[in-house]
Amino acid sequence: MNWPETRNVKETNMRQLFTFIRKEFLQVLRDRKTLLMLFGLPIAQIVLFGFALSNEIKDSRIALVDYSKDAITTRLIGKIEASHYFDIRRSLAGAEQLNAAFKRGDIRMAVIFPQNFGDDLIHTGKATLQVIADASDPNQATTITNYLESIVTDYNAELAKDAQQSLQIQPEVQMLYNPELRGAPNFVPGVMALVLMLVCTMMTSVAIVREKELGTMEILLVSPFKPIYIIIAKLAPNLLISIVNLFIILVLSDVFLDLPVKGSVFLLVGCSILFILTCLSIGLLLSINAKTQQAAMMGSLMGMMLPTMLLTGFLFPIENMPVALQVLANLVPSRWYFIIIKQVMMKGLGFASVWKETLILAGMCTLLFTISLRNFKIRLQ
Amino acid sequence: MDAVITTDKLTKKFGAFVAASELTFEVGKGEIFGFLGANGAGKTTAMRMLCGLLTPSSGKATIAGFDVYTQTEKIKKNIGYMSQKFSLYDDLTVSENIRFYGGIYGMSRPAIKKKTGLLLEELQLQSETNTLVRELPLGWKQKLSFSVSIVHDPEIVFLDEPTGGVDPVTRRQFWDLIYAAADSGVTIFVTTHYMDEAEYCNRVSIMVDGVIAALDTPAGLKQKYGSASMEDVFYELARNAKRKGD
Chain X
269 MNWPETRNVK ETNMRQLFTF IRKEFLQVLR DRKTLLMLFG LPIAQIVLFG FALSNEIKDS
329 RIALVDYSKD AITTRLIGKI EASHYFDIRR SLAGAEQLNA AFKRGDIRMA VIFPQNFGDD
389 LIHTGKATLQ VIADASDPNQ ATTITNYLES IVTDYNAELA KDAQQSLQIQ PEVQMLYNPE
449 LRGAPNFVPG VMALVLMLVC TMMTSVAIVR EKELGTMEIL LVSPFKPIYI IIAKLAPNLL
509 ISIVNLFIIL VLSDVFLDLP VKGSVFLLVG CSILFILTCL SIGLLLSINA KTQQAAMMGS
569 LMGMMLPTML LTGFLFPIEN MPVALQVLAN LVPSRWYFII IKQVMMKGLG FASVWKETLI
629 LAGMCTLLFT ISLRNFKIRL Q
Chain Y
36 MDAVITTDKL TKKFGAFVAA SELTFEVGKG EIFGFLGANG AGKTTAMRML CGLLTPSSGK
96 ATIAGFDVYT QTEKIKKNIG YMSQKFSLYD DLTVSENIRF YGGIYGMSRP AIKKKTGLLL
156 EELQLQSETN TLVRELPLGW KQKLSFSVSI VHDPEIVFLD EPTGGVDPVT RRQFWDLIYA
216 AADSGVTIFV TTHYMDEAEY CNRVSIMVDG VIAALDTPAG LKQKYGSASM EDVFYELARN
276 AKRKGD
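Residue numbers (my numbering), protein chains in the order written: chain X, 269 to 649; chain Y, 36 to 281.
Don't read these hints as lab results, they were simulated from the structure.
Predicted model only: the values in this text are computed from it and were never measured.
It is possible that some hints are incorrect.
To be verified - Residues on chain X that point at chain Y, a partial pick, calculated with CB under 7 Å: (1) Ile289; (2) Lys291; (3) Glu292; (4) Gln295; (5) Arg298; (6) Thr302; (7) Gln442; (8) Gly483; (9) Thr484; (10) Leu489; (11) Val490; (12) Ser491; (13) Phe493; (14) Pro495; (15) Thr626.
Every residue gets a Cβ at the ideal spot worked out from N, C-alpha and C, and that includes glycine.
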């Protein structure tokens, strides 16, 4: 075939690249089962979690300690007892007994009326009710403290009707063991990190190793097609799938879990793309070393999924881990991405608060991509 | 004879192991050149050097007039390659495969379209244009694979054991395609384990332990070794091989 030098080289290159990208999309779209899994997984996780969250909790064992024993506390206790949410233990008294009961898991919450509760309320118009909840199960802790708070709010309204002056009982809620209430707001960023990791790393490595297994990689290497184009073409569909997935998760968590993006969507998507590129580079790196699709799959599952699950911080708080694991966790990209999403999505903070994490992620991305690019075999061994 | 492949003491070492030693030969335009050898004799290594997949350790070689050290990109544009592994995409249709391989060689869409028509007609596969390749019988896949490897009209096509696992009838048909391609001026460089195929070649080289032990026409080789068939020639040469198969 004639390759006149006058032919526009750029145009030819672009044509080659688009041919390859088109082929990648055809293959991805034709593999319905995998596609279903890729899009089904995040949806299923978010929906399942949505249901788990909305479960009503009944008959939670709580301790009531009344140091005041006046008319007001008696009436309020009566109201709490009347609700079917709680199963009340009144035999406990004193910090030590309560502590022990919490540790044994006998009670989920303790409500403590301090001395002179009624007097304080009448004379100062204000009284503080101490509420302590076991937040090792953050969903349950949130739910039962909310129940209690709503009972108190009702009672406040009742008092306000009867009394001339304003009377306000303020529950002072204290969460034991897990003051940050890791739960729902942790789950969505966790799912995001996991799903993006799964799609990008596993799909990329499997897609490239498949070419090796098929023997088509040899053909590609013999052709004038540039290896960098192979990489770009392999990454393109996964990048697109991941971005679509990202939006599905964001919309679902807003509609279903009532967790809208509080900060800048632009910033969130930008950081997500950075994370996606990091994962794609890891996938690329895996594909270089894996000889079979199974090996690539196992590599991404064991090598990437487990660290992502365990060391990202959405299942177990990293600050409570042994130092060695904390150091190791710093090497996991999803750890930094997780912080970014939480800051931007949940707390609505701007770039100023996540620049450090973004920089770390960008550094990891550049490093991994450079390494994998350099190692990608131009010539077969 | 116009030589399209020339090598001069082409050698490839992997550490202390000499996979291919001082290969010197020429292949002319439109020739069907058989490259024989037992497993591990160094055929694949030699072929990879010629395709630009491996850099030689020493010696010289030009492919279509281009140097294997410095002009691999130009070589790549002028050669086709079909590996022993079936190399079409199972989950793409016949026409998608042709379009893909034409496309990565930089062919324009109208050119690919025209070529696809010609190629399917030659293979009598018009009715299967939109069939997924995985649904084709192996023989058809193999023939399609060959046609795809020369879709961009290369000067030379390298075939690495192209007929493995194919029945004799299909193999015969496959060779008809090879003859047709050679007649149109494409040089064929083919490795094979089938000695009947060796008979189809214009010239045959037999590699033993990394060196070319014999190189001649099939008739010339049979005469030289006083054998009735290429099978006997091959056995005569290869039985003393020290390297065992890989």
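Each hint tested on the structure:
no.	hint	verdict
1	Ile289	violated, 10 Å
2	Lys291	holds, 5 Å
3	Glu292	violated, 10 Å
4	Gln295	holds, 6 Å
5	Arg298	holds, 5 Å
6	Thr302	violated, 11 Å
7	Gln442	violated, 59 Å
8	Gly483	holds, 3 Å
9	Thr484	holds, 5 Å
10	Leu489	holds, 6 Å
11	Val490	holds, 4 Å
12	Ser491	holds, 5 Å
13	Phe493	holds, 4 Å
14	Pro495	violated, 12 Å
15	Thr626	violated, 37 Å
Checked against the numbered hints given earlier, the structure breaks hints 1, 3, 6, 7, 14 and 15 and satisfies all the rest.
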